[in-house]
Amino acid sequence: MTMTYDLVNENSHSKPNGPPINLEERKGILEVQDLSAWYGNTQAVKHISMSIKAQAITAIIGPSGCGKSTYIRCLNRMHEVSYKGRVEGCVFLDEKDIYAKDVDPVVIRRRIGMVFQKPAPFPTMSIFDNVAAGLKLTRLWSRRWELEEVVERSLRQAALWDEVKDKLQESGVSLSGGQQQRLCIARALAVEPEIILLDEPCSALDPAATLKIEDLMRSLAQEYTIIIVTHNMQQAARVSDVAAFLLADQDGVGTLVEYGKTNQLFTNPKDKRTEDYITGRFG
Amino acid sequence: MVPVKRENKWRTNRFAHIVDKLFPNMTLVFALVIVAILVGLIIVLNTDAIPAFSKFGFSFISSTSWDPVKENFGALPAIFGTLLSSFIGLVIAVPISLGAAIFLVEIAPTWLRGPASLIIEMLAAIPSVIIGLWGLFVLVPFVRSPIESWLGDKLGFFPFFQGPPFGVGFLAAGMILAIMVIPIITAVSRDAIRAVPDQQREAMLAVGATRWEMIRRAVLPYCRSGLVGGVILGLGRALGETMAVTMVIGNSYQLKASLFSPGATIASKIASEFSEASGGAFTGSLIELALILFAVTLLVNVVARVLLWRMTSVKGSSE
Amino acid sequence: MMSETTYLRRKWFNRLMLGLSSTAAGLAILILGLILGYTLARGIGALNLDFLTQAAKPVGEVGGGMRNEIFGTLILIGLGSIIAIPVGLMSGMFLAEFASPKVASAVRFAADILAGVPSIVVGVFAYAIVVQPLHSYSALSAGVALAIIMIPVIARTAEESLKLVPNSMREAALALGISRWRAVVGVIVPGAMTGIVTGIMLGVARIAGETAPLLFTALGSQFGVQGLLNPIGALPLQIYNYALSPYPDWQQQAWAGAFLLIMLVLGISILVRWISSRRNNRPVIRNVKRSNKNDNDIRFG
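Respectively, the protein sequence lines represent chains A, B and C. Offset between the first sequence (1-based) and the working numbering: plus 6. Offset between the second sequence (1-based) and the working numbering: plus 19. Offset between the third sequence (1-based) and the working numbering: plus 477.
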């Protein structure tokens, strides 16, 4: 199924329509329809619609305050955890709306994982227990060898195994910042999600660690769908296949300005605001 | 490597889901236990005081008799004793606590502040019965002579200093109470003084005030409500203090104006007689005493908290 | 223009008052030293193996010890803790994680009031609800009284410790698809464990020395420990009784008991402070740029 999207201008309330994205060979794993989000009475984002392609890296870019983090947190139902967080609209996973009444958010968060900006390993747990936490805390019991398998696989996928295989029992916070972030990625991978959301995962890291994470993302994109929020345009250009540009309108509410293949968006943007942002005229 | 497929991707873990709904309510139940204890306390004290209240009514508060045989009880000496001993305790404690707090914040070198604070707080951790023990064997003889002998000799014309120097009595009880409330008044006063912004101090010093003048005119007035709150909190502690007071107050049920005379407080009366009380009006009177004590300490503590809450919110708005 | 004498007067007054302040602080510290010193001096002499291992001798006989009372104190601390720790911990969890602001204020208010109730009044309450219905003084009633004193302490420290756990931890746990209660019990509570344990230890230190609530609940026992539904002796209770007795031997033992009790209580208090200061000096995470954003802010960007 291909969905087509228009440039959503700031006064539009209509459903999406417009020129097609030519990634038709990949299916849309996550269909966002008319998503809006509030904190109490303050609206943060409005009327965002897009089709996230499977096994692609989608970057959400835009100046700070445009609602990128809020938007991405709506995709795994983490926004409602924030104080007075409220969402309207639909997000379809497997053609079922994750915001439907009968859907358990806990289930959604297993299928759509998240890595946060500041590395947050559980400080009271060892590296091993950190990675296994998603499994240990959702089942009544687990066999030791099952956990060991999963932990090793996840750490390998996160390109961390070689560095920590001899110190699995050490505390999670004894690692460097970049390693901690890869630990958090391994932790998210351990529960076998289909989609991984990353909210500015490198902004608290030094450049060397950042590059490692970017390499990691490219290798993970072979099997997982990655959505990354970043304020770093160069990173988005380096890493992503598809990019979405969000901008806050005059009321401070974030809207989707342009959505398309990364090289097209960066070299030949369709919207003037996108072009202004790319060329550094603001943000 | 392909991710492992699962059967039904939308299936929720029933057990965890149910517990997730129940768990917050379970914690609510436990939290309500606290409220229930408080409410139960109030109800029980009232109901069990009825045998005495129905018999004596409000004259309980003004009567000075305490006769288990004739079943005639009155609270006045106990109430008087509680107030007098606490008053003496505060009179002694407040200057010392205030001085110590000023020392800890304004005078002490930085390296000394932590350890000195710590030591004074350790005083609060000492169990009351041990302070009573020390009071009985060390303080009381000291109060008997030289203190009471000297005072009786030189100032015996004052009604406060008359009567034989037993040692035990209101003076000793007041001193013991002072020891017990100094830590808490010092701690609260120290926090109040510390919260005064430095600009206040600097402004005062800039017009040529001495250190003490700065403290007296800029710092102390600024945190006045915090200081008063600390004193009232100390009062609340003193009113309810039982063991140490019981051991040094002499346990005599009479109304005398002299500091040297033995007496009783509500807490000491309950402590010394409750286990022998034979029910009916006797136990009921003791429970009524407990109710009076509860009400008074409740009032005092609430007033203290209101004052201290105001201190923290004023502090918040001025920064 | 200020006169020379006025200036000198102010200067000397200043010195006087500052000196008085320092004296006041010194006095407070001196008092502590006196109390500790006397207890140490008088107690350590009588603190021998007999004291710890023998039961009390009948009235008038010299010798014996406080073995049963030491056990009694340990049992009562255990009883009080068994009741108070679950109630306090769950209440703390409620206040920190699940409560709406209004209900939380009400519960907190009740806990603060309960904390301010004189311990003798708590003893009267325990007498009324346990001793009277059972028609017997008992260790159980004393345990209940001590638990009532302990609960507010544990609840408030548990709440504060749980609140100190950064929000990023909660979100990280929830984002893994862990259900809410599992996240609290499996991640947040362990993260706050140091604070919770120190709260419990503070509660224990508080009730170890409490005597007033035991006067007519535990009552004291000449026959040693006889089970939960019978009277029981305790260290502070025995100190009180022996102190007021006319026998010098018993008074000596009172000092020994006081020494033991002070060591226990001060030991716990110092340990608690040491743990707290160690926690505040945790090693800093390497290679992470300091973020300007506060962990607990709602993110809008």
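It is worth saying that the hints were derived from the structure and are not from the lab. Some clues are possibly wrong.
Said to hold, decoys possible - Here's a subset of chain B near chain A, in silico, CB distances under 10 Å, partners left out:
1) Arg30
2) Arg243
3) Ser244
Said to hold, decoys possible - If we take Cβ atoms under 7 Å as the criterion, some of the chain C residues that face chain A in the derived model are:
4) Gly555
5) Ser656
6) Pro667
On a predicted model such as this, the values are computed, not experimentally measured, just so you know. Beta carbons: idealized from backbone N, C-alpha and C, even for Gly.
Structure versus earlier hints - violations, ascending order: Numbers 2, 3, 4 - these are the hints that the structure violates, sorted from lowest upward.
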